[in-house]
Amino acid sequence: MKIWSDKEKMSRDELRKLQFKRLKKTLNHVYENVPYYHEKFKAAGVKPVDIRTLEDMRLLPLTTKEDLRKNYPFGLFAMPKNKIVRYHASSGTTGKPTVVGYTKHDMKVWREVIARIATMGGVTADDTAQITFGFGLFTGAFGLQQGLEKIGAGVIPMSAGNTQKQIMIMQDFQSTVLIGTPSYALHLAEAAQEMGIDPKEELFLKYGLFGGEGSTEEMRAKLNEAWGITATENYGMSELIGPGVSGECLAFKGMHINEDHFIAEIIDPETLEVLPEGAVGELVITPITKEGLPLIRYRTKDITRLDTTPCDCGRTSARMAKITGRTDDMLIIGGVNVFPSQIEGVLLGIKGIGSNYQIRVLKKGYLDRIEIDVEVVNQDLLVSVTLLDQLYKEIQTKLHTILGIHAGIHLVEPKSLVRSEGKAKRVIDLRSEDL
Amino acid sequence: MLISQLSVFIENKKGHLAKITGVLKDAQVDIRAISVFDSAEFGILRIVVDKPEAGAEALKKAGHVVKQSYVLAVDPSDKVGSLHDVFALLSENDVNIEYVYSFVMPNNQGSPLIILKADDQEKAIALLSASDFNLIPKEAVYNVQKG
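These protein sequence lines map, in sequence, to chains Z and C.
Just so you know, we're using the UniProt record's numbering here: the first sequence kicks off at 1 and counts up by one.
Just so you know, we're using the UniProt record's numbering here: the second sequence kicks off at 1 and counts up by one.
I should point out that these hints are in silico values taken from the structure, not numbers from a laboratory.
Check each hint, because a few of them may be wrong.
What the hints assert, rightly or not - Cross-link-like lysine-lysine pairs, in silico, BS3-like; alpha carbons within 27 Å at most:
no., chain 1, residue 1, chain 2, residue 2
1, Z, K42, Z, K25
2, C, K60, Z, K415
3, Z, K104, Z, K17
4, Z, K415, C, K61
5, Z, K351, C, K25
6, C, K67, Z, K351
7, C, K117, Z, K351
8, C, K14, Z, K393
9, C, K67, Z, K415
10, Z, K393, C, K25
11, Z, K364, C, K25
12, Z, K108, Z, K81
13, Z, K415, C, K19
14, C, K79, Z, K415
15, C, K13, Z, K351
16, Z, K322, Z, K65
17, Z, K104, Z, K65
18, C, K61, Z, K351
19, Z, K2, Z, K322
20, Z, K25, Z, K96
21, C, K67, Z, K393
22, C, K25, Z, K363
23, Z, K253, Z, K301
24, Z, K364, C, K14
25, C, K123, Z, K415
26, C, K51, Z, K393
27, C, K138, Z, K415
28, Z, K363, C, K51
29, Z, K415, C, K14
30, C, K60, C, K14
31, Z, K25, Z, K2
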């Protein structure tokens, strides 16, 4: 199997030297160009010159999503706006998203790391890749598109949804690679069968590159079986670059981190201490080749562990295990990240809703769904069914426009929500029970 | 002439109507007229009862959202076209009917009456009072003589 870059085969010693060099450059860059980081470093009593080895990294303060929110929209950018050639964003509370920006150099890095993970997953210049991530502010679709084109693969930018057309194009264009969330891929396979098309016999897929949400080995087995493909998983997040932080090779021993671009640490989410290799904890990533938005020690809130033992594929990079959970209460609904507090923020901003609602997260087939029960407490809504209908539609529309999620809304009678010790339980995650 | 009506939010689920009628039964409140306006998942139950205050109180106490509002009760007389005449009269005078449902009072020789909610209730009362149609006073609706 091909390895895209020699950088993926560097000795660990060489790699660490390169990492340190790039880290120093990045630290100087943010210290000089991002006032917020300058102050943050000062408050922590550390300067870039104090970092003399890679291990000294632990002296640096951590960055969280909250730092990005506080600096909305461009406060953490380390380059002037006229050097930014691309913006992306993820959903935020009350409509304020987390914004990321890329310089020309950053776009080059992004294409490179995607080219690597696509190659790891088996994709070559001979392939035709169908992208089912949504093209828009989210990073998934655009990230994969550019990296795949760099390899020389053909890209079909289908975007999300429109299931029947996806199948038709897949058949007519003879797509060989499917790209999207694992849950949507499983949904597509079922849809194909319902259309009377046998995915294994009548379609041409060979590989699937999945990301945007976590998946399990059981899901991989289902994907491989349903499509007759070899499915791999990849990892990333918009704050770091988008997809491209890491990806699985065909040895399936974890996701290879592009370590010459990203330094990975595992910390104890409580004490914030760095944990030794192999320990399970929260993944912290420092991009070391980015210009536009170089975050220092970004807390991903994803739980995993690292492994640097040699891999059968020949790559020397550290591998991260599948994400086994979150250190916060973030939900991933069809690839869209959303916090219960964001849903609450939207609900509380709508007149006529009591503070009593319940968010239920469940699986419908293979797709994650959010169902929200809202207690009707305002008697003035009882003038007509139209008013109730309007409320219902307002909730649905606001959740979609602000958070990008489709939710099932149920208006329920007061006091009908499940309560524990008198208080309504706000979020019930039922997804694991169905798998 | 205005008659008190209770509107109650109700989910379209098995047993939910019975929950409400159960509350009224326990409070010794008698239902005179009843109708449900619904969509796929939820609806508004509208009822006229003999003791509106007691009925509303009992339902609120049981945790329901209750809105008390006012409607008209009209006796269109039981002959072909009479209901049309009521609606035409209001429509010609630019009064919009928001909803209507019918009920029967035992001492009215079994002829059907209608509960009517107009956008301009005062104007509706004036128009109907000046016509041949009987507006039923609230006392007559609340205090039905049985048998």
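Evaluation of the provided hints:
1. For the suggested pair K42/Z and K25/Z, the alpha carbons sit about 18 Å apart, so the restraint of at most 27 Å is met.
2. For the hint pairing K60/C with K415/Z, the CA-to-CA distance comes to about 12 Å; that is within 27 Å, so the pair holds.
3. Restraint check for K104/Z and K17/Z: satisfied, since their Cα atoms lie roughly 25 Å apart, inside the 27 Å limit.
4. For a cut-off of 27 Å, the pair hint linking K415/Z to K61/C stands: about 12 Å separates their Cα positions.
5. For a cut-off of 27 Å, the pair hint linking K351/Z to K25/C is broken: about 34 Å separates their Cα positions.
6. The suggested pairing of K67/C with K351/Z holds, with an alpha-carbon distance near 17 Å, which does not exceed 27 Å.
7. Pair hint K117/C plus K351/Z holds up; C-alpha atoms about 26 Å apart against a cutoff of 27 Å.
8. Distance restraint check for K14/C and K393/Z: the Cα-Cα separation of roughly 24 Å lies within the 27 Å cut-off, and the hinted pair is therefore satisfied.
9. Restraint check for K67/C and K415/Z: satisfied, since their Cα atoms lie roughly 17 Å apart, inside the 27 Å limit.
10. Simply put, K393/Z and K25/C have alpha-carbon atoms about 35 Å apart, too far for the 27 Å limit, and the pair is violated.
11. Pair hint K364/Z plus K25/C does not hold up; C-alpha atoms about 41 Å apart against a cutoff of 27 Å.
12. For the hint pairing K108/Z with K81/Z, the CA-to-CA distance comes to about 18 Å; that is within 27 Å, so the pair holds.
13. Of the supplied pair hints, the one linking K415/Z and K19/C holds, its CA atoms being roughly 14 Å apart against a limit of 27 Å.
14. Restraint check for K79/C and K415/Z: not satisfied, since their Cα atoms lie roughly 47 Å apart, outside the 27 Å limit.
15. The hinted pair formed by K13/C and K351/Z meets the criterion: a straight-line CA distance of about 25 Å does not exceed 27 Å.
16. At most 27 Å may separate the alpha-carbon atoms for a hinted pair to count; K322/Z and K65/Z meet this at roughly 22 Å.
17. Of the supplied pair hints, the one linking K104/Z and K65/Z holds, its CA atoms being roughly 24 Å apart against a limit of 27 Å.
18. At roughly 24 Å between alpha-carbon atoms, K61/C and K351/Z fall within 27 Å of each other, so this suggested pair holds.
19. Of the supplied pair hints, the one linking K2/Z and K322/Z holds, its CA atoms being roughly 23 Å apart against a limit of 27 Å.
20. For the hint linking K25/Z to K96/Z, the alpha-carbon distance of about 31 Å lies beyond 27 Å, and the restraint is violated.
21. Restraint check: the Cα-Cα separation between K67/C and K393/Z comes to about 22 Å, which is no more than 27 Å; the hinted pair holds.
22. With a CA separation close to 41 Å, the supplied pair K25/C and K363/Z exceeds the 27 Å bound.
23. For the suggested pair K253/Z and K301/Z, the alpha carbons sit about 22 Å apart, so the restraint of at most 27 Å is met.
24. Only pairs whose Cα atoms come within 27 Å are accepted, and K364/Z paired with K14/C is accepted, the gap being roughly 24 Å.
25. Distance check on the hinted pair: K123/C and K415/Z sit about 39 Å apart at the alpha-carbon level, beyond 27 Å; violated.
26. Using a Cα cut-off of 27 Å, the hinted pair K51/C and K393/Z is violated, with the two alpha carbons roughly 36 Å apart.
27. Under the criterion of a C-alpha separation no larger than 27 Å, the hint pairing K138/C with K415/Z is inconsistent with the structure, at around 33 Å.
28. Only pairs whose Cα atoms come within 27 Å are accepted, and K363/Z paired with K51/C is rejected, the gap being roughly 47 Å.
29. Restraint check for K415/Z and K14/C: the C-alpha separation of about 17 Å stays at or below 27 Å, so the hint holds.
30. A C-alpha spacing of about 21 Å is found between K60/C and K14/C, which places the hinted pair at or below 27 Å, so the restraint holds.
31. Note on K25/Z and K2/Z: the hinted pairing is violated, with a Cα-Cα distance of about 31 Å set against a maximum of 27 Å.
When the structure is compared with the earlier hints, violations turn up for hints 5, 10, 11, 14, 20, 22, 25, 26, 27, 28 and 31 and for no others.
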